[in-house]
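Chain A is already provided as a structure; the job is to place chain B on it using the hints.
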Amino acid sequence: MAIDKKMKILIVDDFSTMRRIIKNLLRDLGFTNTDEADDGTTALPMLQTGKFDFLVTDWNMPGMQGIDLLKHVRADEKLSSMPVLMVTAEQKREQIVEAAQAGVNGYIVKPFTAQTLKEKLDKIFERIDG
Amino acid sequence: MEQENNLLSTESIDVVKNLLASMEAGDLQKSQDFLDELTEIRESDMYQEIGKLTRELHDSINTFGLDDRLTDMASDEFPDARQRLAHVITMTDEAANNTLTAVEESMPLCDHLISKTTSIKNEWQRFSNREITLAEFKKLSEELKIYFEENSSSAAKINEHLNNVLMAQGFQDLTSQIIKRVISLVEEVETSMVNIIQLAGTKTKDSPDSKVDDSGLDGPVVPGLESSGTVSGQDEVDDLLSSLGF
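Respectively, the protein sequence lines represent chains A and B.
The numbering used here numbers the first residue of the first sequence as 102 and each following residue consecutively.
The numbering used here numbers the first residue of the second sequence as 12 and each following residue consecutively.
Next up, chain B with everything else stripped away, as it sits in the complex:
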């Protein structure tokens, strides 16, 4: 500002000297001319200063506006994050329900097996002690036959339920991948907020150029979220691979 201030320049001093001389000489016209000249010098300083301020304001606004990531985050990624988190709820809900169903369906099978085993064990004990009649033995023999059949089919069903419990745990991997992406979005917002504060305080700072999830991979597909170029399930994967000669 000091360098651009023309008020103390030799030119200005000359004008002041001339002004004083013309005033002392009683020359009103000349005095007025020199006074105008002085005002002009003063004003040009002011305009320069305003121009400078305008430029700085313009730059600041530009820096602010150039931070497209903020706009992206607000318009796309926050709604995305909401939908991702909602999908996490759906997945954990499904996993919990599948597990509970499997447990609920297995328990009566186990109870039935336990009570059947106990009853047959008692009969078998009587048979071992030779306390059993032929008619009772025939009945026991029939019961045993049914018991063996039930046993193997119940065990197969329980095994199937256990497998469902096992598969339900896949939610942990998939929901973690989704939550990790949301965490990195939150971190990025935090960084951007800090940058905005710095921008407001000390004018310019480079805007962050980070991206959500630096792995560059998309992770699990979230229903309802735009995901161009993705397949919707195993069948489409198989179709795509078979089209490639697999």
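The shape of chain A in the complex, shown without the other chains:
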């Protein structure tokens, strides 16, 4: 299975430390083409440029939250099929269900491990290929 490691990934989190962690983990997995945004309001216009292939987003952010960003992405004709991985500290069942219903492709709770990130990415790509 060939995963395009050149795909452009947008990392959205209000904490720069977490963005750096995710960016470095992705780089370790071979994904070097990443960009960052600090909340949904900043992220959405970036996504709408059509330059991104994958979205990794936090939930709880000032401005537009991750769940709303996800809903906007799914509602946007050009972005609707973009894989979205949520990486968040929110672990209420109803929230996970809400994210699933909104069309999230993967859900990781913080604190997470590098292994978890790899597994979820692999799973997402597996499903897309299959």
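FYI, nobody ran anything at the bench for these hints, they're computed from the structure.
Hints are supplied without guarantee of correctness; some may be wrong.
Claimed, not checked - Calculated lysine-lysine pairs in the DSS-like style (CA-CA distance at most 25 Å, straight line):
| # | chain 1 | residue 1 | chain 2 | residue 2 |
| --- | --- | --- | --- | --- |
| 1 | A | K219 | B | K168 |
| 2 | A | K193 | B | K191 |
| 3 | B | K168 | A | K124 |
| 4 | A | K106 | B | K168 |
Predicted model, so just to flag it, every value in this text is computed and none were measured.
Okay, now just chain B, sitting in the frame of chain A:
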């Protein structure tokens, strides 16, 4: 108070006039009756005033008691905040220890690589200068083979340690989320204290209706704190999602 004071009403004045007339007429019985009537008017004023004060006191106590947020804060949110802050200590402690362990385990690997490289570099120099015997070359060749193997396994280990350092930094995001909630609780207490002071000084003021953390999200789960309806980790998230067909 002035309006409710019946002492200066025409009725009262009439009673006083009648009282004076009966006293001048030497009618003791009538004088006493009018005096009683006057006292009654006086007392009814007093009772009204006491009633009013009682009502105000009652209202004040009610306003005070209605401020459930204060009770909530004292009974639930302060112990919660203590536990949250204790969890912050645990998380920063873990992060620091994980980082230190990774550094401590990486350093000897680096030291070993440096000393090995230096020794092999010297031998290699001798080889380049053709100062080396065949037996020594065989030994160098063997050393190089081991060196290459060690090198790649040490680099992999160091890489793993660096990744652990990287992951340990996640504490910053999570502890900040927890501390932010405690800060908003402290702010709310401050507002409530100001309101209590205003209540004591100028009687009533509307109680604040703010809530800790207006995002409406729960943030990181703190061990030991009641958190109904939450999952305890990634495995449960995966189970829940797979039950939803993921």
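> Which of the stated hints cannot be reconciled with the structure, identified by number in ascending sequence?
Replying inline: No numbers; nothing is violated.
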